[in-house]
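S.K.: Chains E and D, in that order, give the protein sequences.
Under numbering that gives the first Met the number 0, residues 0 to 269 are what the first sequence spells out, in order.
Under numbering that gives the first Met the number 0, residues 0 to 325 are what the second sequence spells out, in order.
Bear in mind the hints are in silico, worked out from the structure with no lab data behind them.
Glycine included, each C-beta is placed from N, C-alpha and C at the ideal position.
Each hint should be verified, as a subset may be incorrect.
What the hints assert, rightly or not - According to the in silico footprint, chain E covers these stretches of chain D (three or more CB under 8 Å from chain E):
#1 106-114
#2 197-203
#3 210-223
#4 286-298
#5 307-321
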Amino acid sequence: MNLKSTLQRSRSLGLGIGAVLAICFLISPVLAGSDSAGGVGKIPRLAGGRPDFSGIWQTTSAADQGLEPHEARKGAPPSAGIVEGDVIPYTPEALEKKKKNFETRATADPRLKCWTLGTPRGIYYPEPFQVFQRAQDLTLVFEFGDSVRTIHTDGTLHPVETDHEFWLGDSRGHWEGDTLVVDVRDFNDQTWLSRAGDFHDEALHVVERWKLIDGNTIDYRATIEDPKVYSRPWNIEVYLYRHREKNFQLIENYCYTQDYDQYYPIPKQQ
Amino acid sequence: MTTTESVQTMVRLSVAAYALALASVAVAQQGQPAPSTRAASPAADGIANEKSFAAIESGKWTGKRLPDGQPDVAGDWSNTIANHDNFTDPQGGIPGDPSPVARSRKLGPREERAPSRVSDPADGELPYQPWARAKQQEFAVGFFNAVKPEYIEPLARCAPSGIPKSFYWHGYEIRQYPGYVVFLFGSGWRIIHLDGKPHLPANIKLWNGDSRGHWEGITLVVDTTNYNGKGMIATSGATARIRGIHESEALHVVERFKRVDANTISYEVTIDDPNVYSAPWKVSLRLTKDANYLIYEYACHEGNYAMEGILRAGRAKDKAAETVAK
Chain E
0 MNLKSTLQRS RSLGLGIGAV LAICFLISPV LAGSDSAGGV GKIPRLAGGR
50 PDFSGIWQTT SAADQGLEPH EARKGAPPSA GIVEGDVIPY TPEALEKKKK
100 NFETRATADP RLKCWTLGTP RGIYYPEPFQ VFQRAQDLTL VFEFGDSVRT
150 IHTDGTLHPV ETDHEFWLGD SRGHWEGDTL VVDVRDFNDQ TWLSRAGDFH
200 DEALHVVERW KLIDGNTIDY RATIEDPKVY SRPWNIEVYL YRHREKNFQL
250 IENYCYTQDY DQYYPIPKQQ
Chain D
0 MTTTESVQTM VRLSVAAYAL ALASVAVAQQ GQPAPSTRAA SPAADGIANE
50 KSFAAIESGK WTGKRLPDGQ PDVAGDWSNT IANHDNFTDP QGGIPGDPSP
100 VARSRKLGPR EERAPSRVSD PADGELPYQP WARAKQQEFA VGFFNAVKPE
150 YIEPLARCAP SGIPKSFYWH GYEIRQYPGY VVFLFGSGWR IIHLDGKPHL
200 PANIKLWNGD SRGHWEGITL VVDTTNYNGK GMIATSGATA RIRGIHESEA
250 LHVVERFKRV DANTISYEVT IDDPNVYSAP WKVSLRLTKD ANYLIYEYAC
300 HEGNYAMEGI LRAGRAKDKA AETVAK
């Protein structure tokens, strides 16, 4: 509601200008809040003016339990899902594979081997990641498996040569206003998108949209495309919240070492 | 091929070379001659040929600084002399290397080769407690005949390589931010917290420990505790390639990164582990800028075919031994 329409409405209500100003004053914090959602308010910014995503982030959603809406099952809370339209448009063959993945998830999920989670799974996996940001790039350090992903924002393009061997893809970002838009491609086919067996192939192409809606919340959206697996591109949206606990930090988690920890006992004088 | 691509290829090749080196060890364990990738190019330019390592005095830093005042150390870095084959005699080859090429190599006088990476004590040797020295020597033999799982060094299983090995394993990148210095190595990362937070609770034990740093003028001082006692100090614990003594949980590491000029950091680390060593000791390295290095996505465990090769070779050897026994 702008000032003019507020004035018109207040006149129709028979209120004086003073009352209008008082109302404006009272609602201004609310307006400031919505302004920040529009990109001009109180979100952290780098020296150059770009939104600053630096910080430690984590979803509170149960997205990793399954991207589509699902009721509770043993070991997994229910979730309203994060897929726009609720359904991932798998091709018929791919849907069969997804169902098979679901049945074998207790052993087949690559996460259980502590393999790099991939993109976008690392973002909504229930473990924190830290963003370090400079003008030329964003560095994402994922606590799970200690993976590191760089989003280049220096205007460089994807390498011409693609060999489909990246776990996290090759990420090139640009700014559309206050939204960081990241094009991610050149993936391998080894990662899953969730514990429910959602998957992709090498043709995976992810376009992410990162936007701070206030100082402590990122609205993360991604368009996921893979003609080998899905009949059309589809969208997800999840909120990421800033960790603000005192002295909170990432804690090293080279989880794949847990399988051989036993072989390296701390040496002691016999 | 662009520079970036060729560098990426180079890094891939170096990872492949490491896998090949491990595989050659595995083959050697079966008693078959295998070409040593290390010995194949003993006269390669660069690190292997550098004969001296002078301590670098502190200078006045006049270069770039971050807005918060930190000297700007960001960028791609590589090692100078400090290869991982041999920690106390970096150009002395791999002691105990069973490959024919290595065994046939004749070394000249010690003073013609690069000095020990150990700068204190002055003799360049580690102040082991006797039992720890015995343990290290057991490991040094076991490495070439890994009849126990612990004779396979943790890095071969993709565990992070720790301090100070990470600084001479491959190149690495330093990224710097208000409140943080981040190291991206070819085997894991370290986040150095500059914000004065206390160390993690003592009961949290980690491969790379928990690092807190602060700047003293042009020197970044990093204090690291919370080690899990499973990693390897240096790589060699005094003698050989990727062999060493395990540290204990009491390990306390203090590093000093002194930015000397645009291309050089003087690095000194004090290693104190009263459970393993009779005194604290120091390693000095010169870290040099390497504009051509590009860190590559690190995914090791996911495709650790070298480890499969080692285990397959070991099983084949076990089977051969069983056959002989029959």
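S.K.: Decide, hint by hint, whether the structure agrees.
M.R.: Hints versus structure:
1. 106-114: It is violated, with 0 qualifying residues against the three required.
2. 197-203: holds (count 3)
3. 210-223: violated (count 0)
4. 286-298: holds (count 3)
5. 307-321: Our answer is that it is violated, as 0 residues pass the Cβ test (under 8 Å) against chain E, missing three.
Hints 1, 3, 5 from the earlier list are contradicted by this structure; the remaining hints agree with it.
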